[in-house]
Amino acid sequence: MVSESVDILNAFALLTNFIIVPAIAYGSQLALGALAVTLIYSIFRLSNFAQGDSMAFGTVMVILILALFQSDWANANFGAILPPYEFLSFVPTALYALPFAIGFTAIYLLVMDRLVYQHYRRIKAKAINMCMASMGVMFVTGGLVRIINGPERMTFDDGARFLFSVRDFKEFTGLTQGIAIKTSQFLTVTVAILLVAFLFYFLNKTKTGKSMRAYSDNEDLALLSGIDPAKVARTTWLIVAAFTAIAGTLYGLDKGFLPFQYHQLLLPIFASVIVGGIGSPMGAIVGAFVVSFSELLLTYAYKKFLIFLLPGYVPDSLVQLIGVEYKYAISFVILVVVLLIRPTGIFKGKVV
Amino acid sequence: MMNTINEMWTSHRTQISFTIMTAILLFVGFNQSWVLALGIFNLSVISSIMALGVNIQWGYAGLFNVGIMGFAALGGLSVVLISQQPVTDAIEAGGFNMLIALMLGVITVVVGVVLHNKKFNKWVVFASIFLGFFAMRYFFADASSAIEKVNPAGTGYLGGLGLPVLLSWVVGGFAAAGVAWGVGKITLGLRSDYLAIATLGISEIIIYVIKNEDWLSRGVKNVTGLPRPVPYELELQKTPWFQDWAHYFDVGLGEFSTLFVKLCYAGIFVSILIGLIIMANLALDSPWGRKVRAIRDNEVSAAAMGKNITRQHLQIFVIGSAIVGLAGAMLVTYNGLLNPTSYQPLRFTFLIWVMVIVGGSGNNLGSVIGAFIIWFLWIQAGPMGLWIAEVISNFAGEQSSIALFIEDRVHHLRLVFMGAIMLMVMRFTPGGILPEKNKEL
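Chains A and B, in that order, give the protein sequences.
Using our numbering, the letters of the first sequence map in sequence onto residues 7 to 358.
Using our numbering, the letters of the second sequence map in sequence onto residues 564 to 1004.
Treat the hints as calculated values from the structure; they're not laboratory data.
Don't be surprised by glycine CBs; every beta carbon is placed ideally from N, CA and C.
One should not assume that every hint holds.
To be verified - Part of the chain A face toward chain B, derived, beta carbon under 10 Å:
(1) L52
(2) N135
(3) L273
(4) F276
(5) A277
(6) I280
(7) L341
The following block holds chain A by itself, in its conformation from the complex (with noise of 0.2 Å):
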């Protein structure tokens, strides 16, 4: 009797390590990516292909200021760059170097909207122009960030590994399953929370911020009523690049950084965003978990939580239901669905 309840703990304790954790780690990477492409489109009334490589382009800002902080000039000049106290040493040195590349991604986008976005919205240009226009920054971006870093995987992740691991989790309980939690999966949830708490006092709370909803609501009152367009616009591209460097950053950190991959985010990026309601901040974040847990939930290999579960069957098969290669396939599914049954999202975004 005992040892089927502890059968039932292992199960749910495996399930815990290798799909609720990941699954909330990349579930909140993905709502950082889709609350700025959400925020590009109240404001700009534009969908931004360039969303997943202006990711990779913060992320490869924060592996230039890395390098920078360790080459033989920083350490000669400065020291060695410690953090401020002892228990923080377990942060990745990434961290310290994101608020510098925050303010880069933020001089790129603001540079490419004087560029590029600004004539569009003077001219009063359809929207799909400008969604063109933003394929042509994507690439744009994905050739600067090759150029920089080249096309190559790499990791710059340091500090501790984990928070705790399966060593400890199991010396803890006694469980034959541990389930562990890395740092950067730690991290992910913690700043996002701080994030996002940030962004909703912003929009509810401040005077610009108010007027950023009020300019996406009605663009002709807001400005009738005094509000700068232009000021509206500067301070959404740096909420936006903020987002989108820390998307990317914390997704490197969990994930390694690759430039493809975040090209390929895109997708899930734009799933969440149409899923909660395109323009609506809460719906991003509630439809970047459904997306990232129904690609966990679909592609994980039951086998083993079902030996734990029903005691002397053992499946003959992986018991997957979609292979790992087609993660990106349920993305899309889940859109079509939603494109299907609901046009307008969990929380009615706008669909005219």
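Assemble chain B onto chain A, guided by the hints.
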């Protein structure tokens, strides 16, 4: 002087630009080699056809297709499935189970749709799809592993139907049209950028299927030695009349046979291109064309006139995608192999878009000249990049870190360069090189 040149250019844009392009290709032929010039020419013609398909979607109707790569890959897959010889051992090993699995898949979808339409409880619909999926998976897993075990180094897939290769081009067009119909049916009528997002998704999925389903397309092991609509070089070299010709033109037998084959391809491709251009231009000048342009330029008033906009958009999207699929099939036949890793969004989506925009969206001849110019730049940008790297390494020293860095990365500059060209044309001369002529109705 400047004025006369300007006037001549505005009145004879088409003639001048095509003459210049011909001169450049002839220059390459005389100075570098005729094989290279013909190679550029053939790929330019295939790209022209792809660009023509995209131009029909964008220029006629303002539909933004980001999945050109997927439709081209479908055309390529059709060549394998229609014209390769069947692998009988593999069919005996798993063909029957695969057939059952595919039929179960179709039945599941049909039953799901019927139940949904008959307003059954959504959980009933869901359960039926779930059951059907598992039944399909059961047969599918057996069949695919059995097929892939048959001589994995040589075949390991089902092969094709062994039908003529030219037929496979038509099938490629129809396959792309079918997928386009499905995507269009779901997304057209909603916001305009949903189509773009959906095409982006479907194209990546098509590539994943071709890469991973070894039983269907050999995956990343590539299918080589695809049948051709033109004679083989080695056979040509053996025939006496061909040897006489080579002797008459005073060209080496090997080079002459390569040139001859490329010329044969050029003949086929150009006749298809000309046929398509004539049809597209006739369509644009017909009442249908006026309706299409009326919808593009003012959807609201066209709708007020009783035109069904969504249906019109669907029709155009399907036609355009079919042309892209046809071009994809032609490309795979020309290369003689299906190589899934060669399907990069950069090459097959982005470059085609640059061709359409630079050439002049809405103008069919514009996409042709755009394809020639951009493909030429793309091919010649490689040597140019190496030349830049060489100049810098001459300055900074052969093994210096900066020279090595630039040599390693310089080819990514093409991406930035092409993106910048596209953005600049969109910004400063939205009409492109050959702007659309009859803008007014």
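Cross-check of the supplied hints:
1. L52: holds (9 Å)
2. N135: holds (8 Å)
3. L273: holds (5 Å)
4. F276: holds (5 Å)
5. A277: holds (8 Å)
6. I280: Hint holds; A/I280 Cβ to chain B Cβ min 7 Å, cut 10 Å.
7. L341: holds (6 Å)
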